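Start from the sequences, fold in the hints, and give me the full structure.
The lines below spell out each chain.
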Amino acid sequence: MDGERLLTSTAGMEPDVDWRNGNPAAFEMLVRRWQQPVARFLFHVVGREEPLADLCQEVFLRVYEHRSRYRETGTFSGWLYRIALNVARDALRRRCKEPRGLGDVEPAAAGPSPEAACEQAERGRIVAQTVAELPEPLRVVLVLRHYEEMSFEQIARMLREPASTIKSRFQAALQRLRDRLRFLCDDPTESER
Amino acid sequence: MKCTDVRAALPLLIYGEPSPEDTALREHLASCPACRREHEALTGVRRLLDDVSLPRIAVDLPQLHRSLAERQLRRARRWRRIAAAMGAVAAMLLLAIGLRLEVRLEASQLVVRWGEPPPVGRAFQPDVVVPKSQAGEPDLLDDLRVLSDLIHALKQDADERDQLCAERLNRLEKHVRALQSQGDLRWSATEESVAALYLLSRKGEKP
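Chains as they are written, first to last, in this note's numbering: chain A, 1 to 193; chain B, 1001 to 1207.
Since the hints were made in silico from the structure, they are not lab data. Zero decoy hints are in this set.
Which bits of chain B does chain A cover? Going by a derived footprint, with three or more residues having C-beta under 8 Å, they are:
#1 1011-1025
#2 1049-1060
#3 1066-1075
Interface residues of chain A toward chain B, partial, derived using beta-carbon atoms under 10 Å:
#4 31
#5 32
#6 36
#7 38
#8 53
#9 58
#10 125
#11 142
#12 145
#13 151
#14 152
#15 172
#16 173
#17 175
#18 184
These numbers come from a predicted model, not from an experiment. Cβ coordinates follow ideal geometry from the N, Cα and C atoms, glycine included.
Shown next, in the form of structure tokens:
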């Protein structure tokens, strides 16, 4: 997981400027570079795997269509995640119901043994379900800080809210997870890790 | 520091968010087992978040390009429709202004007028007065029926007169022919008489 996240880390990934001029090759490079972070973000915010490919495509369609609105004064990742967040909100609004957790998730990495892999997959499913049940404002901040490794200031700029509000939301999100995942944290195997 | 303040600040500490109270927090954690357990629990939550398996998504680039092309086409079509609608509205407005069109809703009628307005102070008087009773009313039907009978009677009378005239003409024609034949006979008798007299007169000169 850590390895994968490092490979798809969004830090310092500013795209080639040619994509804004409609260069197809530059745009394709941008899509390849950002598809996994966007998918990961949508996965955690929307909470479903099934429409992820469609949602990702919608994000990049909007990126291409609105490329003239991108200002280089801000970070590209902030602009991209704002679009992704709008797409995620649209998807949630369409469904008009709470997001649910993961269905069939392709494991990113196999564990040392089938039992351990199975246990980790089940634990991951429960954690993802718990994250998906957080209120959207808390969930978005948690995902951006933990999975996308954005600083609170970046998140604050992206969501156009004060950094203190973002920090409060993050604290609340982590506290809620701590309360709901207490049974996993108190697992004796956790202390051995 | 109080335990409540420390626990509120723990999420930021775990994620390495710098704070001027970091040193005080760490000193408190070293001396407070309850807050230390909370710190460990939150650290455990952070580890758990990494246990989530992520789906592998690859955007279908050809499909993406197709969708972009379709959207651009749709947008162009929408703009064309909007431009056509605007053009139609502008044309109607120009027509209305050019014709000085006036649409007015009165008590029980919709008035549509164009061109110059009627002179002020003179009420509009129609040139042709249409009688109130129109076709389909009983008195008019009776009038029409009487008129029809009258026309038929006149026709019959004219036919009879025509027939009488024709008979009279026939009779006159026969009479003229008879007179003509009598005249012919008399002419031939006169010619014979003249011829006889001529012969007699010649015989009288010869002796």
